[in-house]
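Number of protein chains: 2
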Amino acid sequence: MAYARKHGLRYTVNAGDPHLRDAIAKHYAYPHMDQAANVCVTTGSQEATYAVIKTMLDPANDELLVVEPAFPSYAKMAALEGVHARSVAMREEDGFAFDAERIVSAITPATRMIVICSPCNPTARVMHRDQVQVLSDALLRRGNDPVWVLHDEIYREQTFVDDAGYFAQHYPYTIVTNSVSKSNALTGLRLGWAIVPRDIAPSLVKVHAWLTSCADTFAQQVALHVFATGSINEHAQWYANRQRHVSRALADSGLRHIVPEGSFYACVRLPERADSLKTAHALAEEHDVIAIPGIAFGRSFESWLRLSWVGDSDQLREGLARIASYSVDARLHAT
Amino acid sequence: MAYARKHGLRYTVNAGDPHLRDAIAKHYAYPHMDQAANVCVTTGSQEATYAVIKTMLDPANDELLVVEPAFPSYAKMAALEGVHARSVAMREEDGFAFDAERIVSAITPATRMIVICSPCNPTARVMHRDQVQVLSDALLRRGNDPVWVLHDEIYREQTFVDDAGYFAQHYPYTIVTNSVSKSNALTGLRLGWAIVPRDIAPSLVKVHAWLTSCADTFAQQVALHVFATGSINEHAQWYANRQRHVSRALADSGLRHIVPEGSFYACVRLPERADSLKTAHALAEEHDVIAIPGIAFGRSFESWLRLSWVGDSDQLREGLARIASYSVDARLHAT
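Quick mapping for you: the protein sequence lines, in order, are chains A and B. The first sequence: position 251 = 251 (the numbering used here), numbered continuously. The second sequence: position 286 = 286 (the numbering used here), numbered continuously.
It should be emphasised that the hints constitute simulated quantities derived from the structure, not laboratory data. The hints are all genuine.
Each computed BS3-like pair below joins lysine-lysine, with the alpha-carbon atoms no more than 30 Å apart:
#, chain 1, residue 1, chain 2, residue 2
1, A, Lys206, B, Lys76
2, B, Lys76, A, Lys76
3, B, Lys206, A, Lys278
4, A, Lys206, B, Lys206
5, A, Lys76, B, Lys206
6, A, Lys206, B, Lys278
Whole structure, please, built from the sequences with the hints as guidance.
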């Protein structure tokens, strides 16, 4: 509490410490969104996402299109706001790669916002630059009221491909959310932000102000330090190295899987007709393996499990081995 | 960051660290709400209030009754949720004392929640035990679906009367919000909570979880320390001493005023027909005195100014003298 003793611990302005907002804007340097006035600092990216949905969507008219597989929070937040959410699932036969044409074909006249988490929780897929370009061009060609893209970049600092696409670099109706939770393993700090076009910022800040007043002043100081020292990327190399080990371990497991392009997840396919929830329970209870059932991320991901690989490498290999062995047993029982 | 280095900084469970929740519940020890399961830890009392309104009120049917003068946040939050808010103003001729009968008479069949901030921002009035009892009894006699009382206790640790009333001690349909912001001058920590009946907690925690996941883990540790060491009340004596000085300064000023019963505000009356917003601007620009115009707290408070007295004693006296002199001038100009 040395900081609090010296400076006290007062509210910042609602949108957050101007120095922090400036540091965030300058670091990502998105066209037309590189000023402090483009940034609203929030209680984690969760509040940022919530405030964006609340600010931008009209429950009476607007629809949120969720690109699946997806973390369930977007649809839940929309439901809390009375906003209708639909999903468009990427295809298993493509390994759930982001497919711009497929997203475009799911847009209806009511669609006012598309939410895309890339790098993706759960699939660990990254939307490549060419696909971001295709979707951006298609949205611009539509004319009419713009369809907004909410690009959840929460795993941006864990990206393992060179051609990752960023909507904010191509498409003017983009809102970006992120935080230091994943980049710096500070989930408990609850310090995130939204980067938005200048004319959206006042409304967003107003909603944020009534939700939580402002983000924790101490957490804002930590984040300022993170950006000032460049340590927003300090864990990136560690994740990149681990990703290579993880990819080998996945290949060695014999399980059908998706090679992680980003985030710190790895997904493996269960045998046909396996129930992912029951499997996850059985793995936890009988084999001491923690995996999130695919069904949590949408029906399209029902036959999959999501694994986290921030833990020990050997434990990951062991976990994969147990899943593989469980899968063989399950397949035997099924026949 | 010694704590973070040692323990990491992970999410807590959504409702907050069970030890902190237990400490809060045990400290206030409200009947039937003295368990960890009755507490949801939030990003300041602002998020607690917001989540309570969102959880408890149905925009299609329910009305929020705001006891005025009041901080504008309750009505703004209700508006953000599409919930109709009405206000019932306490009477100037009573010095804005809380008047249970007046509140009861303002209830309609649509009223589902009454929000009362006691000690009050802005009036510095405290709702006395007898008035809390009268309102509680009247609400219980009503039968039908209960009308909830949201008791905002944010200034509870700055109470200067012996007969302060607490709805949670009398009325089973009470929700209490508070934080360490005012009690421990830690506004920037953004650490608050709601104390709710057991059957309300799961819904409230769900709303809170989608708003912000959980409160800052570090801030929760600070709050745990605050409760474990009893320092939730450590500033109370300082405020009580200052209140005596402030009361004398108010009397000496010759201004019509309300003797503070709680909080760290003092309110003074402007001359007849004075515009509180214009007066506050003029005082700030021409006399270097910061006062919040009464109109910010409802039409009932238009002729008043709210002053904060956490600063220096002599400065408060000087500020009061300048307001008195400005008022005399204004009265002269008006004639």
